[in-house]
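If you want the building blocks of each chain, they are given just below.
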Amino acid sequence: DSGVTQTPKHLITATGQRVTLRCSPRSGDLSVYWYQQSLDQGLQFLIQYYNGEERAKGNILERFSAQQFPDLHSELNLSSLELGDSALYFCASSVGQGGDTIYFGEGSWLTVV
Amino acid sequence: QKEVEQDPGPLSVPEGAIVSLNCTYSNSAFQYFMWYRQYSRKGPELLMYTYSSGNKEDGRFTAQVDKSSKYISLFIRDSQPSDSATYLCAMKAAGNKLTFGGGTRVLVKP
Chain A
1 DSGVTQTPKH LITATGQRVT LRCSPRSGDL SVYWYQQSLD QGLQFLIQYY NGEERAKGNI
61 LERFSAQQFP DLHSELNLSS LELGDSALYF CASSVGQGGD TIYFGEGSWL TVV
Chain B
1001 QKEVEQDPGP LSVPEGAIVS LNCTYSNSAF QYFMWYRQYS RKGPELLMYT YSSGNKEDGR
1061 FTAQVDKSSK YISLFIRDSQ PSDSATYLCA MKAAGNKLTF GGGTRVLVKP
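The listed protein sequences derive, respectively, from chains A and B. Residue 1 is where the first sequence starts when you use the numbering used here, and the numbers rise one by one after that. Residue 1001 is where the second sequence starts when you use the numbering used here, and the numbers rise one by one after that.
Pulled out of the complex, with its shape left as it was, chain A reads as follows (with noise of 0.2 angstroms):
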């Protein structure tokens, strides 16, 4: 177990639909990071925040949205779903900005129908 906590494990919803995924990071993590991965496209970084402000920003989609609240966990918002989006969504955390490890929670299945 790493520390990093995940809900909901799987969810099943229909193009043009909105879903959040909710992410809670390990005790002591600033950072938390969003990983998207597909069969096609391997791990892919989507966004990461540091204390409540955006770090760095990967190949996020205008559709999706992410924001880490004050108690540190964060939220990724993925709208206006299309078929392509099902996929694997990962949230990873870690103690600083960069230089240092990070641990993967076990992840938010999305299915789109």
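Don't read these hints as lab results, they were simulated from the structure. We put the beta carbon where it would ideally sit given N, CA and C, even for glycine. Mixed in with the good hints there might be a few duds.
List time: in silico BS3-like cross-link candidates among lysine-lysine, alpha-carbon distance up to 30 angstroms [as the list claims (entries may be wrong)]:
hint	chain 1	residue 1	chain 2	residue 2
1	A	Lys-57	B	Lys-1109
2	B	Lys-1056	B	Lys-1002
3	B	Lys-1042	B	Lys-1070
4	B	Lys-1097	B	Lys-1002
5	B	Lys-1042	A	Lys-57
6	B	Lys-1042	B	Lys-1097
7	B	Lys-1109	B	Lys-1097
8	B	Lys-1097	B	Lys-1067
9	B	Lys-1067	A	Lys-9
10	A	Lys-9	B	Lys-1042
11	B	Lys-1067	A	Lys-57
12	B	Lys-1056	B	Lys-1042
13	A	Lys-57	B	Lys-1070
14	B	Lys-1002	B	Lys-1070
15	B	Lys-1097	B	Lys-1070
16	A	Lys-9	B	Lys-1070
Per the computed footprint, the stretches of chain A lying under chain B, defined by three or more beta-carbons under 8 angstroms from a beta-carbon of chain B, are [unchecked claim]:
hint	stretch
17	39-48
18	102-109
Got chain A; can you put chain B on it based on the hints?
Leaving out everything else, chain B in the frame of chain A:
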């Protein structure tokens, strides 16, 4: 060309054999190198972390980094069926995001 290249496998070995995995990369700014193990539909689990060049050993696992060749390796000695998983290399420059390889699927046959 991807920043980090990793053979997708699958790599099939008999139990007890040495598993040899590697990644090549193009960004000379990478300084931090990691190996993660991922079981099917589970979160990646950090196995090894190395800063800059050199070797690091932890139990049955040995990680090597050759920055001059932009090449990193992971060796698993005395492989077990429980080592069957996908192994992802990852690397980063200071302060930057982690870049992952595509992963190598390993199958250790009893």
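Hints, verified against the model:
1. At roughly 41 angstroms between alpha-carbon atoms, Lys-57(A) and Lys-1109(B) are farther apart than 30 angstroms, so this suggested pair is violated.
2. In summary, the hint linking Lys-1056(B) to Lys-1002(B) is supported, as the alpha carbons are separated by about 26 angstroms, within the 30 angstroms threshold.
3. The hinted pair formed by Lys-1042(B) and Lys-1070(B) meets the criterion: a straight-line CA distance of about 29 angstroms does not exceed 30 angstroms.
4. Note on Lys-1097(B) and Lys-1002(B): the hinted pairing holds, with a Cα-Cα distance of about 15 angstroms set against a maximum of 30 angstroms.
5. This hinted pair checks out: Lys-1042(B) and Lys-57(A) have alpha carbons roughly 24 angstroms apart, not beyond 30 angstroms.
6. For the proposed pair Lys-1042(B) and Lys-1097(B), the alpha carbon gap of about 21 angstroms is at most 30 angstroms, so the pair holds.
7. With a C-alpha separation of about 35 angstroms, the suggested pair Lys-1109(B) and Lys-1097(B) falls outside the 30 angstroms cut-off, and the hint is violated.
8. A threshold of 30 angstroms between alpha carbons decides the hint, and for Lys-1097(B) with Lys-1067(B) the separation of about 19 angstroms falls inside it, so the pair holds.
9. Between Lys-1067(B) and Lys-9(A), the direct Cα distance comes to roughly 38 angstroms. Violation of the 30 angstroms bound is thereby established for this hinted pair.
10. Taken as a hint, the Lys-9(A) and Lys-1042(B) pair is honoured in the structure, with Cα atoms around 10 angstroms apart against an allowance of 30 angstroms.
11. Restraint check for Lys-1067(B) and Lys-57(A): the C-alpha separation of about 26 angstroms stays at or below 30 angstroms, so the hint holds.
12. The hinted pair formed by Lys-1056(B) and Lys-1042(B) meets the criterion: a straight-line CA distance of about 25 angstroms does not exceed 30 angstroms.
13. Pair hint Lys-57(A) plus Lys-1070(B) holds up; C-alpha atoms about 25 angstroms apart against a cutoff of 30 angstroms.
14. At most 30 angstroms may separate the alpha-carbon atoms for a hinted pair to count; Lys-1002(B) and Lys-1070(B) meet this at roughly 13 angstroms.
15. At most 30 angstroms may separate the alpha-carbon atoms for a hinted pair to count; Lys-1097(B) and Lys-1070(B) meet this at roughly 18 angstroms.
16. Only pairs whose Cα atoms come within 30 angstroms are accepted, and Lys-9(A) paired with Lys-1070(B) is rejected, the gap being roughly 37 angstroms.
17. Coverage of a stretch by a chain is defined here by at least three residues with a beta carbon nearer than 8 angstroms to that chain's beta carbons; for the stretch 39-48 of chain A and chain B the count is 4, and the condition holds.
18. With 7 residues bearing a CB less than 8 angstroms from a CB of chain B, the stretch 102-109 of chain A meets the requirement of three and the coverage assertion stands.
Violation of the numbered hints given earlier is confined to hints 1, 7, 9 and 16; the remaining hints are satisfied by the structure.
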